[in-house]
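A.B. asks: Single-letter residue listing:
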Amino acid sequence: MKIVALGMIVGGWMVTMGGLVGSEAIVVRLAAAVAGLGTSLAGIATLNSTHITQAIWNRGH
Amino acid sequence: MPTHRKSLAIAFAVLGLVALATPMRAEDEAAGTATIAASLKAISGPSTDDLTKGDPGGTLTGTVNDIVMADPKAGLTLADLANQIGQNRVAVNFVWTLVAGFLVMFMQAGFALVETGLCRAKNANHTMMMNFMVYGFGLFAYWVMGFAIQQGGSAGISNLGGMNPLNNEWKLSLFGKDWGLFGTKGFFLSGESYDVGVMVLFLFQMVFMDTATTIVTGAAAERWKFVAFAISTFFLGAITYPLFGNWAWGGGWLSQLGVNFKLGHGYCDFAGSGVVHAVGGLTALAVAMIVGPRIGKYNRDGSPNAIPGHDITMVLLGCFILAFGWFGFNPGSTLGASGNGSLRIGSIAVNTMLAGCTGSFGALLYMWIRFGKPDASMSGNGLLAGLVAITAPSGFVNTVGAVIIGFSAGVLVCLSVEFFERVLKIDDPVGATSVHGTCGLWGVLCVGLFADGRSNYGGSWNGVDGAVTGLFYGDPGQFVAQLIGVCTLVGVIFTLSYVFNAIVEYFVGQRVSAEVELEGLDLPEMGALGYPEFQLVTSSGGRSVNVGG
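As they're listed, the protein sequences go chains A and B.
Everything in the first sequence is counted per the working numbering, starting at 1 for the first residue and increasing by one.
Everything in the second sequence is counted per the working numbering, starting at 62 for the first residue and increasing by one.
Any given hint could be a false lead.
[Claimed, not checked] In silico SDA-like cross-links for lysine to any residue, where the CA-CA straight-line distance does not exceed 25 Å:
| id | chain 1 | residue 1 | chain 2 | residue 2 |
| --- | --- | --- | --- | --- |
| 1 | B | Lys238 | A | Val10 |
| 2 | B | Lys232 | A | Gly11 |
| 3 | B | Lys323 | A | Ser23 |
| 4 | B | Lys238 | A | Ile26 |
| 5 | B | Lys238 | B | Val320 |
| 6 | A | Lys2 | B | Phe480 |
| 7 | A | Lys2 | B | Arg361 |
| 8 | A | Lys2 | B | Phe568 |
| 9 | A | Lys2 | B | Ser574 |
| 10 | B | Lys323 | B | Asn401 |
| 11 | B | Lys434 | B | Phe422 |
| 12 | B | Lys323 | A | Gly18 |
| 13 | A | Lys2 | B | Phe561 |
| 14 | B | Lys323 | B | Gly519 |
| 15 | A | Lys2 | B | Val484 |
| 16 | B | Lys323 | B | Leu242 |
| 17 | B | Lys232 | B | Phe296 |
| 18 | A | Lys2 | B | Ser105 |
| 19 | B | Lys238 | A | Ala31 |
| 20 | B | Lys323 | A | Met17 |
| 21 | B | Lys323 | A | Val28 |
| 22 | A | Lys2 | B | Asp362 |
| 23 | B | Lys323 | A | Ala31 |
[Claimed, not checked] In silico contact screen, one side only, chain B against chain A (beta carbon under 10 Å); selected entries:
| id | residue |
| --- | --- |
| 24 | Leu121 |
| 25 | Leu233 |
| 26 | Phe236 |
| 27 | Ile351 |
| 28 | Pro354 |
| 29 | Leu485 |
| 30 | Lys486 |
| 31 | Phe540 |
| 32 | Thr549 |
| 33 | Thr556 |
By construction, these hints were calculated from the structure, which means they are not laboratory data.
Glycine included, each C-beta is placed from N, C-alpha and C at the ideal position.
Start from the sequences and build out the full structure, keeping to the hints where you can.
C.D. replies: Encoded structure:
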């Protein structure tokens, strides 16, 4: 799951870069950057959820 | 010395210079040069007799006598005059940048006080030592390789004399563009980088890097193994920070988004909301996730408990020291006070002051309305949030923009702290992720929104002519460039920090044992208590209180 989450984080950045090199239209680049940032942030949330399941307060200490 | 005679001679010299600037025939030019040479030779300063009487009025010190002549027998020449002017400009810029760097270095003391004050007394020595040693660990890593990676290809900083030895940037050619990735000159500050200008740049950039590394210690405080901290800090100072620093400040690909992709002036980060604070804040987030929350922070149902720090006076004093140091951070980032529009330092200093104050005001107001009390620690964090957010835009915005940026950051940091604590359940004892991560990213975006197009740093920025202009002043491309910078910080820098610290977790372990954490890290990790004359008592909630002296 952590690998998937990290893939989402880096994948979001690649979406942003895809918009940058794939189009000269500001709107397209802006949309790609917003979508990429959203994907990366979702990836961080996913990564964090894997840590929460192992957190010390969730393990009965 | 008759003052009128000196004035007359200087007037002749100036007239000669003006005359030289107009087109003239060769014989006129030769005659003009001879006139100037004669005029310069006629200039004389105060006599030795006059000088031996002292100069209480300050009118005899700093005259033609003090201009260095290449050949004293030949007298003062035009070349001497021009060289002296050039050296004076660079000298002013050296001194300005060095003093600003010294101020930024002192911010380490502010961070140490804030973080230690926000931690419990049983971890005071450990927290203080992390803040103390981050200076040495970071400096060493940066000297070995960090500086070269970041600035090794940044030749062309004219304020500091050109930086000509730093002339090699490693680039990748993709999609018909050059993508600068890292510098390759300046390892160990040896070879050609043994240069006066390079040394000034190194000092200034080093203390910036150290600021980023010290952010992490706050988020992971009270449970971070000292050895893991040392390894993590070295990596941040040697690789992660310098990489993004290169992309933004060292001539790397982000700074070239304007030249290569017509996005405003490329990624613009005047003093480091992104380069310093977001890099530090996102690394802090990665480490805080890996080490996990402190024992007692969360209940079994996931609800959080407050774990108050042990000394709010330390916290607020630290915030004041940081605010003072920020006057080196932002105005110093002009890398000079003379030439290339550097006189904007006044505006940058005022912007810094305003944003810090409105940041603390925003946080205080939010906490007062929401919880009924003007919270001290969040007011301090609000001050820092405003300062963090104005760091990137400080050189490009006006005072109204600074006030809006600071105030919004003050509110944002409160929302962010609650979000990380209650929703993501990430335990960050000092709020470093929110102050530096969230507000750092906000500051980066603010350049793309509030830059008013009135700054002029030598007529161009990042190789694009004209002034940096944000969305609200007519350039949407600049906002997209900033957004790409934010995506890179979140997508690449966070990942790099996370993966490296996960490797440290696997081989070394990031977190101390539960027993050590409950006892406090001071004795087990450092061998000495921060407050040996106090008896520390642990309550059921994992809180320590001082009960006697």
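A.B. asks: It remains to establish, for every hint, whether it holds in the given structure.
C.D. replies: To see whether the hints hold, each was checked on the structure:
1. B/Lys238 / A/Val10: With Cα atoms ~22 Å apart, B/Lys238 and A/Val10 stay inside 25 Å; holds.
2. B/Lys232 / A/Gly11: Distance ~22 Å between B/Lys232 and A/Gly11 Cα, so the pair holds.
3. B/Lys323 / A/Ser23: holds, 12 Å
4. B/Lys238 / A/Ile26: holds, 18 Å
5. B/Lys238 / B/Val320: holds, 10 Å
6. A/Lys2 / B/Phe480: At roughly 22 Å apart (the allowed maximum being 25 Å), B/Phe480 and A/Lys2 satisfy the hint.
7. A/Lys2 / B/Arg361: Holds, at roughly 23 Å.
8. A/Lys2 / B/Phe568: holds, 18 Å
9. A/Lys2 / B/Ser574: With Cα atoms ~24 Å apart, A/Lys2 and B/Ser574 stay inside 25 Å; holds.
10. B/Lys323 / B/Asn401: Holds - the C-alpha atoms of B/Asn401 and B/Lys323 are around 23 Å apart, at most 25 Å.
11. B/Lys434 / B/Phe422: OK: B/Lys434 and B/Phe422 at ~13 Å, within 25 Å.
12. B/Lys323 / A/Gly18: Holds, at roughly 16 Å.
13. A/Lys2 / B/Phe561: Roughly 14 Å separates the two Cα atoms, so the pair holds.
14. B/Lys323 / B/Gly519: holds, 20 Å
15. A/Lys2 / B/Val484: Holds: A/Lys2 and B/Val484 sit about 19 Å apart, inside 25 Å.
16. B/Lys323 / B/Leu242: holds, 19 Å
17. B/Lys232 / B/Phe296: holds, 22 Å
18. A/Lys2 / B/Ser105: Violated - the C-alpha atoms of B/Ser105 and A/Lys2 are around 77 Å apart, more than 25 Å.
19. B/Lys238 / A/Ala31: holds, 22 Å
20. B/Lys323 / A/Met17: holds, 15 Å
21. B/Lys323 / A/Val28: Holds - the C-alpha atoms of A/Val28 and B/Lys323 are around 14 Å apart, at most 25 Å.
22. A/Lys2 / B/Asp362: holds, 24 Å
23. B/Lys323 / A/Ala31: holds, 17 Å
24. Leu121: violated, 61 Å
25. Leu233: violated, 13 Å
26. Phe236: holds, 5 Å
27. Ile351: Nearest chain A Cβ about 7 Å off; hint holds.
28. Pro354: Holds: closest Cβ of chain A sits about 6 Å from B/Pro354, inside 10 Å.
29. Leu485: OK, holds: B/Leu485 within 10 Å of chain A, min 5 Å.
30. Lys486: With a closest approach of 6 Å, the B/Lys486 hint holds.
31. Phe540: holds, 8 Å
32. Thr549: holds, 6 Å
33. Thr556: The hint holds - B/Thr556 has a Cβ within 10 Å of chain A, the shortest such distance being about 5 Å.
The structure is inconsistent with the numbered hints 18, 24 and 25, although it conforms to all the rest.
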